[in-house]
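*Asks:* For the protein sequence lines, the chains are A and B, in the order given. Mapping of the first sequence onto numbering that gives the first Met the number 0: position 251 corresponds to residue 250, and the numbering continues sequentially without gaps. Mapping of the second sequence onto numbering that gives the first Met the number 0: position 184 corresponds to residue 183, and the numbering continues sequentially without gaps.
Don't take every hint at face value.
To be verified - Some, not all, of what chain A presents toward chain B, calculated at C-beta under 8 Å:
(1) 43
(2) 47
(3) 184
(4) 287
(5) 310
(6) 314
Stated by the list, open to error - Now the stretches of chain B that chain A is said to cover, found in silico as 3 or more residues with beta-carbon under 8 Å:
(7) 146-152
(8) 234-247
(9) 272-285
No wet-lab data here; the hints were simulated from the structure. From a predicted model like this one, the values you see are computed outputs, not experimental measurements. Using N, Cα and C, we set each Cβ at its ideal position, and we do this for glycine too.
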Amino acid sequence: MTDGGPAGANAPAGSRVNSESGAKSLLLGLTRRLATMLLTLFGVSVIIFLVLRLLPGNAVTSSLGVSAGLLNHAQIVALDRYYGIGEPVVEQYTSWLHAILTGNLGVSLSSRTSVASLVGAALPVTFELAIVAMALGLLIGVLFGVFGALRPGRAVDLSGQGVSVIGLGIPSFIIGTGIVTMLSAVFHYFPSSEPFASLTSNPWLNFQQIIFPAFTLSLGIGAAIMRTARASVLEVTGQNYVRTARGKGLSRRSVTWKHIFLNAFIPVLTMSGIQLGYLLGGTVIVEQIFVLPGLGRLLVESINDRDFPVVQSVTILFAAGFVLVNMIVDVLYAVIDPRIRNR
Amino acid sequence: MSLTSLDPVPPAPLELGAGEPAVARHGLMRALWRSRNGRVGLVLVVLVVAAAISAAFGGTPYDPQFQNSSALLAAPSWSHPFGTDQFGRDILSLVLDGIGVSLKIACLSVLIAGGIGTIAGIVAGFLGRWTSAVIMRITDMLFAIPAILLALIVVAALGAGWLNSAIAIGVGYIPIFVRVVRGPVLSLRESGYVLAGRVLGFSRRRLLFRHILPNVAGILAVQVSLALAWSVLAEASLSFLGLGPPPPTASLGEMVYQSASSGLAAIDWWTLAFPSVMIVLAVIGFNLLGDGLRDAIDPRTRKR
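Whole structure, please, built from the sequences with the hints as guidance.
*Replies:* This is the structure we're talking about:
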């Protein structure tokens, strides 16, 4: 695990393949990854479906509460048919899968509007939040990690480690709650009290509404990336080829960026991919705190309403996003490291 | 070098892996104490666990649910060191009770995740290609759902309650245990002393329990500590979202939510501060303990 495997200068000679077959193997690898990804997503959909359907409690008992116990058999059957939950499980699954694949996510049980329109409205918010948070996290993590490791024990390094303790140790819902409380109590400022403004309609208000939740999320990601970047840079700095590069009189900048940074980047990339999972989970909580109408908020609301079609669709969407990004990370490995490309 | 290191242990024929000698175990504790992370983590964890145990045996200053109507939202004082909430309940007692519930849920969920995950990981690493492939595919699928989301939908399906929270949180962490255990088992299976054991005709069970499992124990200990940190965090997050155990079960996440959503946090800061600090201490404690254990076990990082 600790072995990030920096792309050293000691690649086996046999791995030098001409570029044409390199591109071909890249394409082959891409196809294989795509197939694995689809298989994974299929499994994920089965897991989510089973978890939500095979366990006790359903839309009927949820919307009627205790009085569901007073229904006679005919009424139960009729209600089940109304909600579409009376059919055999396999049939329910296949019709749901078919609906998803054709882009028709079904109808929300609680609001009676199409799931696609609910998700469509929420997706851009979470997407923007995730992108900004990831960018901030990478910025914090890479800057502190790399510059800290280049001068271990100095001010940058120590402050970076301080940030990483905060980011890893303090849950995002506490950081978020703290920020909201501070903003409203001290500065009498709460941008989310106004309805959410999209990036195109009111960029400035949108920025104010997104930046605080994004910052909240980015601390945790940044801390993890920072630790990885620091360890990785420290390890690479000790390698022989870095000493060689210094010895032959290359400029400091060239050594830092071409020899150290590029070789230290792969573990950072891996960590970023992993962190995206936490980030997607984190949006659920942070959107709740900052009252952002994103997918996470939609998910919690529909869980409370036992609105299965919405819960299923949103969870699948989160999983798809996570899997997709990890595939992109895999492809990026190949772009950065020629040895992986030619494997 | 401790016996839990991943490097093949120099062979002592026929007595391989016959339990760790006491010296090695003391060495581990000393190494743990030598790392700054391990020291701080150990102290925090002992404090947090002591708080939880004291609450479990009724050691709270007040009955946590007792509502003192003459002391609503009292600021911290000698009689209420952490103040009181809007119902006049003593926050110190609630916080102690809350961390007790948190740790109970965390321990059970780690037992679930660690138990299932370790067995699956060992099977995937030790048995044949097919079993391994099936287990790893399922693990990948579980891993594709962010753990907190998985916990969220499981708790949504099961309904709120401390046992259900524990199951939900445990399920979310299973894939991590599978991955962490499988890797070392794969490489241990091909290591010299396991091959030697195989040549000597040891049974599979003996190889597994006497030669492989003790060498995975260290990695497992690190992961258990990190998993506990995550579980405390996840439990607090679920409660914060209103999906934790229902009242009157004390819950730190719920206290934070109540304080923040009612707007009390801005004025009566103690309603937010103390539950938050308790969560943070527990999470940081287990995380640092895990880091310290890793430092202590892995001789490569120990030198730093």
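*Asks:* Next step is simple, just say for each hint if it's right about the structure.
*Replies:* A quick look at each hint next to the structure:
1. 43: 5 Å, holds
2. 47: Hint on residue 47/A: holds, closest Cβ of chain B at ~7 Å, below 8 Å.
3. 184: With a closest approach of 3 Å, the residue 184/A hint holds.
4. 287: 6 Å, holds
5. 310: 6 Å, holds
6. 314: 6 Å, holds
7. 146-152: The restraint on the segment 146-152 of chain B holds, since 5 of its residues have a Cβ under 8 Å from chain A and three suffice.
8. 234-247: holds (count 6)
9. 272-285: holds (count 5)
Taken one by one, the earlier hints all hold for this structure without exception.
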